[in-house]
Amino acid sequence: MRAYHQSLLMSMLIAACFFLAACTSQSSDLETGTKKDSLVLAIGSEPEDGFDPTTGWGRYGSPLFQSTLLTLDRNFNVQHDLAVDYNVSDDGLEWTVKIRDDVKFSDGEPLTIDDVIFTFETAKNSQSVVDLQNLKKMEKLDSHTVKFILEKPQSTFLYTLTMLGIVPKHAYSENYRENPVGSGPYKLVQWDKGQQLIVEENPYYYGKKSYFKKLTFLFLSEDAAFLAAKAGQVDMAAVPVNLAKEKIPGMKLIALDSVDNRGIMMPFVKPRYDSEKGVAIGHEVTSDPAIRKALNIAIDREKLVEDVLEGFGTPAYSVADNLPWWNEDTIIEDGDAEAAEKILMDAGWTKNAEGIFEKKGIKASFALVYPASDQTRQSLAIAFKQMAKKIGIEVKTEGKSWNEIEKVMHTTPVVMGWGSHDPIEMYHLYHSKYRGQGYSNANYYSNKKVDQYMDQAIHAATQEEANEYWKKAQWDGETGFSALGDAPWIWLVNLQHLYFVNEHLNIGGQKIQPHGHGWPVTEFIADWTWDE
Amino acid sequence: MLAFHIGKFILKRTLKFVTLLFAVVVLTFMLVSLSPVDPIQSYLGAEMMVVSEEQKEEIAEYYGVNQPKLQQFFKWLKMFLQGDLGTSLVYRQDVLSIIQEKFVASFALMALSWSMAGILGYALGVIAGMNKGTFADRAIKLYCFVLASTPTFWIAILLLIVFSLWLGLFPIGLGTPIGVVSEQVTWLDRLKHILLPAATLSVIGVSNITLHTRQKVIDVLDSEFIRFARAKGEEGFTLFKRHVFRNTLFPAISVHFASFGELFGGAILAEQVFSYPGLGLAIVQAGLNSDVPLMMGIVVFSTFFVFIGNLLADVLYTMIDLRMKNGEAI
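Same order as they appear, the protein sequences are chains V and Z. Position in the first sequence counted from 1, then plus 10, gives you the numbering used here. Position in the second sequence counted from 1, then plus 28, gives you the numbering used here.
Be aware that a few hints might be false.
As the list claims (entries may be wrong) - If the Cβ cut is set under 7 Å, some of the chain Z residues that face chain V in the computed set are:
{"#": "1", "residue": "GLU82"}
{"#": "2", "residue": "ALA88"}
{"#": "3", "residue": "VAL93"}
{"#": "4", "residue": "TYR119"}
{"#": "5", "residue": "PHE191"}
{"#": "6", "residue": "GLY201"}
{"#": "7", "residue": "LEU202"}
I should point out that these hints are in silico values taken from the structure, not numbers from a laboratory. C-beta: ideal position from N, C-alpha, C; glycine also.
Given only the sequences and the hints, what does the whole structure look like? Please build it.
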């Protein structure tokens with residue numbers, strides 16, 4: 011080798027060694043100590059618009075830095091948090107809430123009813139996901155009591171009171187979302203945008219003290235979170251189904267039930283033109299109730315969970331399985347091809363030479379659309395197609411972008427997914443007044459009795475009363491929007507939310523998770539413990 | 029004399045830049061306006077079903093969905109000319125501060141990898157050029173061609189798996205250590221976190237400068253004065269030091285400046301894999317959610333950035349050219 015070669019190579023090698031030497035002496039990123047009182051979690055996506063409840067932070071699960079007036083416990087029963095008492099007037103228009111007088115924000119200032127009023131006003135004007143359209147005005151009755159006055163009765167206003175964290179009027183500015191002073195269990199220490207969030211316990215918190223003094227949330231992609239778990243860098247990581255069967259020493263996989271559901275929305279009416287909205291609607295085949303009922307019975311939901319979700323899911327019979335407003339009588343016996351075919355034959359369908367059902371010259375055939383970017387929905391569509399074929403119904407699957415889906419969803423079945431902790435979701439999905447309004451009731455379903463029950467649910471004065479009506483709307487013995495009744499939807503599965511958790515970490519019992527995974531799992535973080 | 033020429037050149041270029049910027053701005057705005065993305069659907073996702081129509085109209089107003097596009101454009105232009113880039117719809121923060129925050133991190137990554145790629149690429153190009161036809165030369169050429177066609181994120185993931193997971197030498201990502209408050213973060217920490225992403229980008233970024241330098245070295249070695257030097261008995265490193273180096277360094281640097289644009293794109297990909305904070309995620313979010321102010325801000329900024337790179341490259345070239353023309357030694 012020539013001289014200059016050697017010196018060049020030498021200098022590169024030396025540089026490499028320098029870097030390696032500097033790096034091998036790295037200390038562990040995790041704290042080592044006798045009592046483990048801090049956690050590192052890679053579970054959620056970063057809220058781009060920050061930690062401001064008035065723009066939608068913390069809607070599900072504890073807002074971490076703030077507290078809400080009311081909460082729902084693990085069984086969805088209303089519990090008091092900031093509020094010590096609340097009641098609803100007979101006409102359902104006035105909600106009076108009285109709050110505690112011993113609460114301080116993390117900066118030591120007391121929380122008063124002015125802060126509550128300020129929060130709701132700010133949220134109302136935020137043009138965000140927080141919907142307070144129905145809030146007419148608020149009256150301050152005394153230093154710890156407020157009366158919310160609604161435009162129309164709305165039993166689901168209760169859920170707003172459990173989802174909106176209270177912000178301090180005195181410490182609110184346009185930078186609040188980066189510096190969220192609140193009355194919640196934790197306060198923000200540092201937020202490295204796009205990377206991590208470090209929080210520590212709020213010394214002024216009035217509630218149960220958490221076992222963990224410090225939490226670090228990492229905002230990593232699913233793959234990076236898994237890698238971090240494998241490298242022993244995090245105590246908890248959210249993972250997708252395809253990584254769930256991996257083994258990580260020292261960690262266990264926890265699968266949480268959810269209402270993160272998937273189902274097929276079937277056009278309910280015969281083909282025609284909606285002149286008001288200016289769109290074509292309806293489908294000749296899916297508008298036949300026999301088709302919808304037959305498919306509901308023919309589908310083997312357990313098999314879908316096994317094949318598509320690798321066992322990490324549960325069958326779905328509605329949009330709100332296992333929630334308090336769900337009518338459990340609507341579970342159906344499925345996977346029954348014989349019964350399904352009988353329904354079709356009783357309705358006048360007969361099999362043609364190819365084995366596909368036909369009626370009055372029309373083949374039992376339709377296109378099924380799914381969002382092209384979503385692999386789970388694609389797999390579900392394909393599995394559905396195969397199960398439908400077994401009972402003589404021809405399904406053609408097509409992947410489309412959301413933009414294209416919006417254009418065809420009134421005339422074509424679509425694989426969709428919903429699932430909320432607020433029953434108003436059912437109202438928007440099934441009430442006839444929402445037909446054709448965006449994604450709400452996009453299949454033009456209508457049933458006067460169902461409308462009536464749901465209106466009564468909205469007007470109800472208590473949760474119990476409301477839930478009774480929501481259940482009747484699903485099935486009252488004769489009709490309803492469930493698979494027993496009109497079956498405008500074919501609900502398929504509920505996903506499970508999967509997390510790798512350090513085997514010493516005990517996250518306790520969890521609520522049925524909503525559609526989105528991640529932050530909701532931190533709702534009861536005050537109850538988590540570390541068992542050595 | 030030289031300074032005057034350079035000055036004139038920069039001025040002409042700047043005027044061209046202004047026209048270019050205007051064209052880019054108009055085109056970008058048109059594209060974003062024509063985007064089929066429904067920002068309300070992107071923003072709400074599954075919460076779509078618990079939000080009332082009236083509130084959705086408010087959100088539509090916030091995203092400027094119903095505003096006439098031309099009006100929106102002129103409003104933006106007016107603000108822009110006054111130095112105001114507006115407020116991001118997704119981050120609810122002003123665009124300039126977002127770009128400042130995120131660009132500083134991206135810039136550190138880009139600067140480090142650009143320098144590393146430059147030094148490594150030049151060295152490899154010289155070795156290849158001076159040993160044309162040998163195994164070393166062939167190996168280096170192969171390396172360049174293979175790497176030029178390799179996806180950035182693939183190299184990134186490979187490095188991550190080997191050096192972070194298997195060997196545990198480097199952190200799995202981020203810009204600073206996990207759970208450590210910023211006051212306690214050291215320069216060494218930051219270096220450790222930036223090294224793998226920078227290595228990814230430099231490993232790929234060498235191809236251009238290596239091959240270009242190699243060719244330049246071969247050209248120089250073919251020239252008259254080299255033959256004269258060899259006749260005097262010079263060879264190897266001395267030959268390089270005295271003649272090859274100063275004739276190939278400037279061209280190498282200017283070609284490397286021109287790769288500024290690629291740097292931007294590559295940095296964004298590397299950031300994704302290493303969860304390194306930077307402009308990468310911001311651009312994606314802006315696009316997917318039709319965040320017009322942020323999108324326009326980032327586009328203006330990157331156009332300017334690439335322009336500076338190309339300008340520096342061309343200025344250097346002009347300097348070399350002028351010197352050569354005037355018979356001055358480079």
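Now for the hints, and whether the structure bears them out:
no., hint, in the structure
1, GLU82, "holds (4 Å)"
2, ALA88, "violated (9 Å)"
3, VAL93, "violated (12 Å)"
4, TYR119, "holds (5 Å)"
5, PHE191, "violated (9 Å)"
6, GLY201, "holds (6 Å)"
7, LEU202, "holds (5 Å)"
Of the numbered hints given earlier, the model fails hints 2, 3 and 5; all others are met.
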